[in-house]
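Peer 1: Protein chains in written order, with this note's numbering: chain A, 1 to 331; chain B, 1001 to 1331.
Be a bit skeptical, because a hint or two may be false.
[Said to hold, decoys possible] Facing chain A, according to a computed beta carbon distance under 10 Å, are these residues of chain B, among others: (1) S1072; (2) T1073; (3) G1143; (4) N1231; (5) E1238; (6) G1291.
[Unchecked claim] Taking lysine to any residue and the SDA-like style, the derived pairs with C-alpha atoms no more than 25 Å apart in a straight line are: (7) A:K213 <-> B:K1249; (8) B:K1246 <-> A:Y281; (9) B:K1249 <-> A:E92; (10) B:K1249 <-> A:L257; (11) A:K76 <-> A:E92; (12) A:K186 <-> B:K1077; (13) B:K1249 <-> A:L264.
Hints are computed from structural coordinates only; laboratory data are not their basis. All figures in this text were calculated on a predicted structure; none of them were measured in a lab. Ideal Cβ positions, reconstructed from N, Cα and C, are used throughout, including at glycine.
Number of protein chains: 2
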Amino acid sequence: MIAALDAFGSDNAPLPEVEGAVQAIKENVCEKILLVGKREVLEKELKKFDYPADRIEIVHAQDVISMDDKASTSVKKKKDSSLVTASRLHKEGLADFMVSAGNTGAVMASSLFTYGRIKNVMRPAIAMVLPTLNRPTLFLDVGANVDCTPEHLVQFAILGRVYSRFFYNREDPEVALLNIGEESSKGNELAKKTYSMLQERNDINFVGNIEGKQLLDGNVDVVVCDGFVGNVMLKTVEGVAMMIMKMLKEQIQKDWLTKIGAFLAMPAFKYLKTKLDHSEYGGALLFGLNGNTIIAHGSSNSTAIMNAIKFGSKIAESGFIEHAVESFMVE
Amino acid sequence: MIAALDAFGSDNAPLPEVEGAVQAIKENVCEKILLVGKREVLEKELKKFDYPADRIEIVHAQDVISMDDKASTSVKKKKDSSLVTASRLHKEGLADFMVSAGNTGAVMASSLFTYGRIKNVMRPAIAMVLPTLNRPTLFLDVGANVDCTPEHLVQFAILGRVYSRFFYNREDPEVALLNIGEESSKGNELAKKTYSMLQERNDINFVGNIEGKQLLDGNVDVVVCDGFVGNVMLKTVEGVAMMIMKMLKEQIQKDWLTKIGAFLAMPAFKYLKTKLDHSEYGGALLFGLNGNTIIAHGSSNSTAIMNAIKFGSKIAESGFIEHAVESFMVE
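Only chain A is shown next, with the shape it has when bound in the complex (with noise of 0.2 Å):
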């Protein structure tokens, strides 16, 4: 697999990229990474690795978007931006999926206007896994779409079917629906609305609603909701999870009988900073374009970046576009 890296999205690039990149092949979570970006700099930043030279190749491109650049427009604009000459590499069949921790609207953007749709797919999502107690659970649309219809919401309901069924082996996925209470007359309009659609679906094994409670339980392979709330629902995860870790942290330090057993306790902690770590995960995906783009944290350091690539490596092998493509074309 060949990976094309964005390697100016991230908060502190081209750092991260550059030594995410070195990792991933040291790592031979990919064959080749084409590094994508002003050649001068990142040839600059390469020799300070030590790598097997033939397989990262710098590919230039001038400019830069940032993350305060207005999405669709600086994405029609900067042509010969480091995002838009990634997506193009993957499109012209160059590389095999796209990684970019850049500015999330943009690297949207930048995939629907380079790959486009797949044939019947209404509106992208964004999808990312979480961890959780049991199995891995994906969720879509956590914040491509913030005002969806039903139908949308059961066209994501297939796209993350084909994803667990073609990347977890799951033969049958469960899917629920992310709501605030589980009968059926629970939830707002659109909630209603999409259960009852997703009810009378024969190819989408529907479960039922889901609740904020059981989210992390990973007893459902994918739970649909709209962008807004999904957005809401994962920054909350992230932010209770930092939360705690922070009062933990202070409570220890507290004296230094809790600060012994802590440093006892130590293994359990890395376990649940691990667990909770988002560079441990990797990355979000765009669900329903005709191509494989990887959206890192804007805030990643090299591992994430690595596992970015690591993600974006199996995702392609999973020939998950042409699964898709195909459960659209009976639609």
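Based on the hints, put chain B in the right spot on chain A.
Peer 2: The following block gives chain B in isolation, referenced to the frame of chain A:
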């Protein structure tokens, strides 16, 4: 302050209610409690405790509204239920506030039918104070109104402001809008319209959008959102906290060294547990009605019931209703 306590609301009713009432009287969180429900059962339970007998009075009510009962119809039908009777005692001025750990929908319906809305308030809301890293933050709506208009959210902001001023003595409470980004252009239609309406109000100190990540930082006084998003958010907070505690517990059990460590660090864990435990919070509040109703969690233990009574007592003392009525007169 005199409390009307629905003794047949919680999952394990009436045990937590009876014991909670005794605790509340012993700790002097209010002067008197009207314990509402089946007289024989309550008399038998109360006999197990030693307490100043003149400060807990049983008010007989034959019926019980269960968790499965349909909210509005059961409230209309079961006029002799413990819930409706408790609401009536407050309405008639025999109690200063009402507490129930019953079915949220039914408690809302009973309160609405009995006291009615404050003049000019379009929709009552459920409000809740969450644990944060800094000052307490009030969230509303967390479940009463699943489909809202911007006007509803502006009214929630006014109610939240009144609460924050008179309960926490915040002179000019900071009000934020739950959204998926900081900029005014972010969010769904509801969020964008609400943002511009809040910005135009001179009587609300609107500080802009707040994201899920910052919700529990405790840097604002009031956060407004629609009841669907608020309920998902609230239950997600609960779900994540439970998951983290469970993961930590599992990991700590893994070997004797981490077990000893955890034992020494126990005060830190205990602090965290208390901070996150819903029984330490007073429960949810109904806002926008001509009466003070506190909804305790269905799984409340006696401490949770006692804290709900304490909360109700403070709310009634703060004169929240009178101030809210005043705020909506100028509307």
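Peer 1: Which hint numbers doesn't this structure obey?
Peer 2: 1, 2, 6 and 9
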